[in-house]
Amino acid sequence: MKDNELKDFLNKNSSVPRAPETQWTQIQKKIEPAKTLGVMDYFTSLKGLSLGASGVAIALVVIFSNYNQQLPSQELARLKKVDTFLASDSYFSDSDPQYSWVGDNL
Amino acid sequence: MLKLAKLLFPSLEEVTHDELLLLFKNYYTADEGFVRSSIYWMVNSSDVDDLVQETFLRAWKSFRKFDNKSSFRTWIYRIAMNVTYDYFKKNKVHLEGFNEEYVGKENPEIELSDLISKGLMTLSLEQREAFSLHYQLGLKYLEISELLQIPVGTAKSRVSSAKKIFVDFLNENGVENER
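Protein chains in written order, with the numbering used here: chain G, 1 to 106; chain F, 107 to 285.
With the rest of the complex left out, here is chain G (with noise of 0.2 angstroms):
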């Protein structure tokens, strides 16, 4: 069988299947999903958006919680600080006469 021949066979005898029409956007919703989102895509990225979201807000309220739990710690220091200062300062502690005007005046 010569070149021609051969050729000339395999194009009556044998074809390629046509693309399908909407092959090209079927690859350009591949390449930009984000542009192409139907609306129920709209829903299921919302879905993961507010998961998203509850973790953050669920991760926030521990560390806040933490947070929280050394305030005590802290305020009850400088309360202590606050309690030695009062009861070793003397104006507040002496009985000495000095200050008897204090106990006139009432």
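Keep in mind that the hints were calculated from the coordinates and are not lab data.
It cannot be assumed that every hint is accurate.
Unchecked claim - Using 25 angstroms as the maximum straight-line C-alpha spacing, the simulated SDA-like pairs for lysine to any residue come out as follows:
#	chain 1	residue 1	chain 2	residue 2
1	G	Lys2	F	Ser176
2	G	Lys7	F	Tyr247
3	G	Lys12	F	Glu282
4	G	Lys7	F	Ser219
5	G	Lys7	F	Lys262
Given the coordinates of chain G, work out where chain F should sit on it, guided by the hints.
Quick look at chain F alone, frame taken from chain G:
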């Protein structure tokens, strides 16, 4: 198309996403048929649609890396063949051709298109690639050598040995020149 793009934008980095997509779509419109045929004559399967899609997706992902050293057609053809070979590996198809006994001898009503498909499957992948490029896509030996990045002599040799096997197969299955 890409040469024009290179002229307008010396570096593809300067091309915006939308401009790049337009260039890509233009190429798809112009040469999808070539990519599709190249793959189809290798796999002879309805999976060709998926493989064409995969080829263009892979090409898109590495589009900005295209260095213009070869023609864009050569570049995308190599991607198409990589996709095809991956398909063969995934589906555990023998890479050196089937060489199976064809049952067409007992069935004179067999469609010629089926016979051609079976005949192509008796060729090794290298032979099938060269054969379909020459006889089905009409490329010259020089073009085949550029596309496959092999010497012209090797291209001729592959086409010639593939032709012999294919024609012998047709003859064994009752196809004469006049049929």
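How the hints compare with the structure:
Proximity of Lys2 (chain G) to Ser176 (chain F) is assessed by CA-CA distance (about 32 angstroms); at most 25 angstroms being required, the pair is judged violated. The suggested pairing of Lys7 (chain G) with Tyr247 (chain F) holds, with an alpha-carbon distance near 15 angstroms, which does not exceed 25 angstroms. Taken as a hint, the Lys12 (chain G) and Glu282 (chain F) pair is honoured in the structure, with Cα atoms around 15 angstroms apart against an allowance of 25 angstroms. At most 25 angstroms may separate the alpha-carbon atoms for a hinted pair to count; Lys7 (chain G) and Ser219 (chain F) meet this at roughly 14 angstroms.
For the proposed pair Lys7 (chain G) and Lys262 (chain F), the alpha carbon gap of about 16 angstroms is at most 25 angstroms, so the pair holds.
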